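**Student:** With the hints as constraints, model all of the structure from the sequences given.
Protein chains in written order, with the numbering used here: chain A, 1 to 106; chain B, 107 to 504.
Keep in mind that the hints are not guaranteed to be accurate.
Unchecked claim - In silico lysine-lysine, BS3-like type, Cα no more than 30 Å apart, as pairs:
1. B:Lys304 to B:Lys289
2. B:Lys500 to B:Lys334
3. B:Lys289 to B:Lys168
4. B:Lys334 to B:Lys289
5. A:Lys70 to B:Lys167
6. A:Lys56 to B:Lys109
7. B:Lys221 to B:Lys295
8. B:Lys166 to B:Lys140
9. B:Lys113 to A:Lys56
10. B:Lys295 to A:Lys56
11. B:Lys222 to A:Lys56
12. A:Lys41 to B:Lys295
13. A:Lys41 to B:Lys155
14. B:Lys140 to B:Lys305
To be clear, the hints were calculated from the coordinates, so they are not data collected in a lab. It should be emphasised that the depicted structure is a prediction, and the values quoted were computed from it without experimental measurement.
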Amino acid sequence: MAYNGGPMTEAMYYVLLALMHPNHGYQLMHAITEVSNGRLKMGPGTLYGVLSRMQKDGLISLSEDDGRRKTYQITSEGEHALRTEYSRLKSLIQDGNILEIGDENG
Amino acid sequence: MDKTVRKLRPSDYWRIGEHESWFQDMAAKGFHLKKMGLRFAHFVKGEPKKMRYRIDVTMKKKITPEKIEMYEDSGWDYVTGYQYFQVYSSPVEREAPELHTDPAEQSFTLRALDKKLVFIVVIVVVALLFIIGMMSAIWFLDGTPTFVLVDGFVVQQTIVSILIVYLAYISLQAAISIRALRKDLIEGKPINHHAPWKKHYRLNSVLAFLFTIVAGLSAIVPFGQLIKSDTQTLPEGNLDLPIVRLADVEQNPALVRGESYMIDDVDWGNRYRYNWSPIAPIQYESDENGVVPGKMWGDGSGEYSPSINTRVYLLRVPALADNLIADLIKRFNYEYSDDDFVEAKHADLDLLIVHEEDEIKEVFASKGKAVIYVRYYGYADINLVIENIVDKIKLITE
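**Tutor:** Below, the structure is given as structure tokens:
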């Protein structure tokens, strides 16, 4: 099942975010922890699964492959998907504002 | 050298959590997983150690070095792989991060396996339906299941069918389990790495034992039949076999052997065959044809040429004898109705059924484990046939 533009999993979203700077496996795990401000510690199994799936879907590509270590980068398609997801999430937050107003009223 | 210990695996390969939990418990007892076989896991005996084990699923035969490295960097060492499963381990004190932190993402790793298992189930079920159709035709189309059982020529196919039923059950269970696991993961329920495995251990051991026995039988039975069955030309003289001979019934010194044809050096009109089956370890079948030169059939249709056909079975259990006779009547009764077969009494036989119509004389007799069926075509008295049967049946019952 290729990515069809629907809501991303949290893992996909953060991997794409982290790959705005090309990176490879182990360091990528740290980069994800960093961009999520320490909130998300992604396991290697999950990361590897997301990477191979998104590579197949064309959201990311290999920028370098010296045979041992693969460096991934986001593709323009991936960046587009990421930005679409970002606006979707932003709308989600904006629409959720009524909760804050509700709190103020209460 | 490290000592390798083999242990029967506790559960079916698709119960991922149970396998992880088992490997962990084994390591705590000093058995460290080295390799997985089809039924046995190989462990290296060492110091007891608190370990964590995780099983990953991929359909790819070869795991990329990148993956192994990525896992290693995080503290997970590759142990071994079997089929679509790879095992990684990490000592507890290393505090490696969990391999899969997102159950929904992990469910994606099961998708290809899920598809493949469903595909296998479809194929196995189609094969199963074919086999069930075929086997029920063999067993029940004639309505003579006891004869089929005793004769034994379909025993091996039946055992193989049972194995295929078992395989169908296993593959269906695998497909359902993986589908359920995937659903749990999608819903955010992670795999239980400490799933209790003891319950399935016992069940699996029993099933594995039975499977081995059944598979072994299916291999031995046809060899038994091959070794013990043979067809030979019936000698003209006396033969120490429980077969009713034409000369004994005819009691005519002028009787000579009839003309026949040869196949593989066997006179097909005058032959005897011995056979073996698990239910009837001693079986004989014979055909004999004779001619009395100069004597004509009553209707003038040619020289008098009587013939006799005998079938002898020594059963393992006498309880089958009555059913076997009923089936023999059904199987070899080409044109007569059941009413033509009349039960008679004989002091030396448990059951005696006769059928006489002009030159055709048929006798079905049993005593204990022995069953004899004789079909005689000629002018001799049917009581002669019966007395010969009584003599012959003594040969195998005494």
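**Student:** Work down the list of hints and note, for each, if the structure agrees.
**Tutor:** Comparing the hints with the structure gives:
1. B:Lys304 to B:Lys289: Given that 30 Å is the threshold and the Cα spacing comes to 24 Å, the pair holds.
2. B:Lys500 to B:Lys334: holds (22 Å)
3. B:Lys289 to B:Lys168: holds (27 Å)
4. B:Lys334 to B:Lys289: At roughly 55 Å apart (the allowed maximum being 30 Å), Lys289 (chain B) and Lys334 (chain B) break the hint.
5. A:Lys70 to B:Lys167: Holds, because 20 Å separates the two Cα atoms, which is no more than 30 Å.
6. A:Lys56 to B:Lys109: violated (44 Å)
7. B:Lys221 to B:Lys295: Measuring from Cα to Cα gives roughly 21 Å; hence the hint holds.
8. B:Lys166 to B:Lys140: holds (20 Å)
9. B:Lys113 to A:Lys56: It is violated: about 40 Å lies between the C-alpha atoms, which goes past 30 Å.
10. B:Lys295 to A:Lys56: holds (26 Å)
11. B:Lys222 to A:Lys56: holds (19 Å)
12. A:Lys41 to B:Lys295: With Cα atoms ~18 Å apart, Lys41 (chain A) and Lys295 (chain B) stay inside 30 Å; holds.
13. A:Lys41 to B:Lys155: holds (26 Å)
14. B:Lys140 to B:Lys305: holds (24 Å)
Checked against the numbered hints above, the structure breaks hints 4, 6 and 9 and satisfies the rest.
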